[in-house]
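**Q** Given next are the chains, with one letter for each unit.
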Amino acid sequence: MRNFVERHTFWAIVLLLVAVIFLWMIFAVWPDWLVDALGRKKTFVNTLLNGVTLGGLYFLVASGFTLIFGLMRNVNLAHGSMYLLGAYIGYEVADLTGNWFLGLAAAFISVAISGVLLQVLIFRRMANDDLRQTLVTIGISIIAADAMLAIWTGTTYQFSPPDWLFGAANLPIISVIKSSGAAVYIKYPVFRLVVLVIAVAVGISLWIFLNRTRIGMMIRAGVNDREMLAATGVNVQLVFVLVFAIGAGLAGFAGVIGGTALSVAPGEDIRYLLASLVVVIVGGLGSITGAAIGALIIGLAEQFGLAYFPTYGVVLTFLIMVVVLAVRPQGLMGGR
Amino acid sequence: MGKLKHLMAATLALSITVPAVSAADDIKMGALATLEGAFTVLGEDGMRGVKLALQEFDYMAGGKKIELITGSSDASPDSAVRAVRKLVEQDGVQLVIGPLSGSEGLAVKDYAKTQPNVTFLNGSSAAQDTTLRSPAENFFRFSTEGAQWMAGLGEYAYNEKGYRNVAVLAEDYSFPYTQVFGFLEPFCRLGGKSAIDSRFWVPIGNKDYSSVIAALPDDVDAIFVALGGADAVNFLTQYEQSGGDLPLIGGSITVDQSVLGSKGKARSFVVGTPSAGPVSDTWDDPRWKEFVAAYQKAFPDGFPSPSLFAHAYYINTKAALLALNEVNGDLSDGEKKFRAALSKLSFETPTGMVSVDERRNAVADIFLTEVIEGPDGNLLNKTIKVIPQVNQTLGVSYEKFLEYGQVGRENPSCS
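Residue numbers (the numbering used here), protein chains in the order written: chain A, 1 to 336; chain B, 1001 to 1415.
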């Protein structure tokens, strides 16, 4: 940090200024000229929060995707199916037991197991053949989508989270001050804030796991050089299975979180697969930090697009992807 | 290995030719619905409608057996054309029932023009221009379209509910354009307002509405929502979650069974939402009740009451079967006799008499409804009024109607 300030004093000042303006825009009561230029403050702050929380959800899905790719060079195109499978299993368990948290745990564990099975039964047979693995994952995702459609039909499912997670909360941010002098506070759905907290918690745990534990060290070593890691006597296959389990489990976990914040329906698998792909392309394949930054950018772009120019908002996401590919093809945080 | 390959090739060849031979004298009917993507649940119910009509006729029409071949699309026009092309060019169907969604209908109509020897009957797609502007000779729509479905709703919102200024939230494609036009045209003619910048158009399959909800203006009396399937479920939940309190006005598929019947939290705050469409769950009419009973008996895992998709597919399939009976299954000579019979057809449906106009678009009864809570806690649409025999030009002449302009994001301008 200190280094950065010393080396790029100019940019540090610009960044600081932007941050101050941003904070002012969030907490101050907007003067009329700003309302004229940007619309109501409520829209701006809500959209900002939505973007950040949606980014949190995207991070949950994309972190597993990028983890698996980083170690195994396996673009797992069935990642979206794992998201959806987790959501459905979580729904069944939560519905049966009446406990939302049990559903969350069941989704993580069962999808992690399915990931282990995929790795042991299928991917191990075609190690070092990236193209074949990728094609197989496409096949699996198509079969899984139809199988899930057959079991759970096309109906839209929605979770019933505990009551204290549902509903809206008043944020300590003033939207407008009425003529009577009373302040109107901004309301925001509690669950979306929970999504953000969970995403941050998962992000930090992943970081600690990768950087502060022995297994994490092995995984990082594997990302850099698989053969060398194997040569030092580590059972690489076991590490692969572990990473696949965590990556898949995170997708299943995200399924319940996403299904509660939004909803579960056929087609979500493709949507989240596409979102994860865009996120990791922007952030850099294989980098957890990159996934976090990419998810934040894509989440914000999607929400600001929807709120300020809904008709063409979709383009924004892909525009960002195109720009990143043109300027920095390896992604913002991608190495090599 | 070589032998195995030959064997496989032979089996493959056999499996392709066999059904074609045995089916020489049957009539092949293709049915196309969205069995994937955001509108899956709607497509499934559409297929139930096709099967219900076929079961009623015992899969026989004009003395011939009907062979049903299904195709699936994902609500995008290109997927619909791909699926219908496969049905026509590979499976060799002689008539097609479908598609489901608005823009798919426009694409299939254009494809129909290239296949003059096949007759196309609409599924439930309800974009206006499928039949209004440059219609295809061989495309029939016995189900009504989106603007017709809104008949009476604009007047009801203005006169009875007293709304003067509404915001609009709808998906960004031809069907919601048609619905918004159908709602706003009478609403604005009476003096209602809906500013262009308080109309929000979101892409199909959008799941996160929180930012759109935040951007909705406060100074309107109500929001007209034209979303379908999973999109509508998402919006309604998120609107409730974010503490929204404006009353809603529903498009035809926003508060129908495919949305009200979804699994999860009850959306009781939509009680009282007015809407209009080609069906009404609780219509007190023996024809409708009989239809509902037949649907419930045939599909215990379907909705509590058939959605407008099952209804539209049912009516179009039934029209095809009735016309086939009339011509004794004669589909020779480019299906000319069959089409003439379809054009003249006027028949009793679960929702009243249906016939088609000179552009082969249906004239039928429309229902003005309001959401109520049913006896066992499920949400239903209560019939407020039946608007008899609504035609596509909404009562004015064809030439005058064309002057209103093509449906779109800014039609009517309402200022």
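Honestly, the hints are just simulated from the structure, not real lab data. There may be inaccurate statements among the hints.
Claimed, not checked - The calculated label-pair distances, taken between Cβ atoms and stated as ranges, are: (1) LEU96/A <-> LEU1246/B: 48 to 58 Å; (2) PRO1304/B <-> ASN170/A: 33 to 43 Å; (3) ASP1357/B <-> THR97/A: 48 to 58 Å; (4) ASP1333/B <-> LEU117/A: 52 to 62 Å; (5) THR289/A <-> GLY1377/B: 26 to 36 Å; (6) ASP1091/B <-> VAL322/A: 50 to 60 Å; (7) LYS1382/B <-> ALA169/A: 30 to 40 Å; (8) LYS1289/B <-> PRO162/A: 13 to 23 Å; (9) ILE1372/B <-> PRO162/A: 46 to 56 Å; (10) THR1282/B <-> VAL35/A: 43 to 53 Å; (11) ASP1284/B <-> ALA201/A: 16 to 26 Å.
Stated by the list, open to error - The calculated lysine-lysine pairs, modelled on DSS-like cross-linking and capped at a C-alpha distance of 30 Å, are: (12) LYS178/A <-> LYS1400/B; (13) LYS187/A <-> LYS1400/B; (14) LYS1161/B <-> LYS178/A; (15) LYS1297/B <-> LYS1113/B; (16) LYS1193/B <-> LYS187/A.
Please read these numbers as outputs of a predicted model, since none were measured by experiment. Glycine included, every Cβ here is placed at the ideal spot set by N, Cα and C.
**Q** Work down the list of hints and note, for each, if the structure agrees.
**A** Evaluation of the provided hints:
1. LEU96/A <-> LEU1246/B: 48 to 58 Å: Taking Cβ atoms as reference, LEU96/A and LEU1246/B lie about 36 Å apart, which means the hint is violated.
2. PRO1304/B <-> ASN170/A: 33 to 43 Å: Roughly 38 Å apart at Cβ, these two residues keep to the hinted range, so it holds.
3. ASP1357/B <-> THR97/A: 48 to 58 Å: holds, 56 Å
4. ASP1333/B <-> LEU117/A: 52 to 62 Å: For ASP1333/B and LEU117/A the Cβ distance comes to about 58 Å; the hint holds.
5. THR289/A <-> GLY1377/B: 26 to 36 Å: Given about 49 Å between the Cβ atoms, the range is violated.
6. ASP1091/B <-> VAL322/A: 50 to 60 Å: Hint violated: Cβ distance 40 Å, outside 50 to 60 Å.
7. LYS1382/B <-> ALA169/A: 30 to 40 Å: The hinted range 30 to 40 Å holds for LYS1382/B and ALA169/A, with Cβ atoms some 35 Å apart.
8. LYS1289/B <-> PRO162/A: 13 to 23 Å: With Cβ atoms ~41 Å apart, the hint is violated.
9. ILE1372/B <-> PRO162/A: 46 to 56 Å: violated, 29 Å
10. THR1282/B <-> VAL35/A: 43 to 53 Å: Taking Cβ atoms as reference, THR1282/B and VAL35/A lie about 46 Å apart, which means the hint holds.
11. ASP1284/B <-> ALA201/A: 16 to 26 Å: violated, 55 Å
12. LYS178/A <-> LYS1400/B: This hinted pair is violated, its Cα atoms lying about 48 Å apart.
13. LYS187/A <-> LYS1400/B: With a Cα-Cα distance of about 48 Å, the restraint between LYS187/A and LYS1400/B is violated, given a limit of 30 Å.
14. LYS1161/B <-> LYS178/A: Roughly 28 Å separates the two Cα atoms, so the pair holds.
15. LYS1297/B <-> LYS1113/B: violated, 39 Å
16. LYS1193/B <-> LYS187/A: holds, 28 Å
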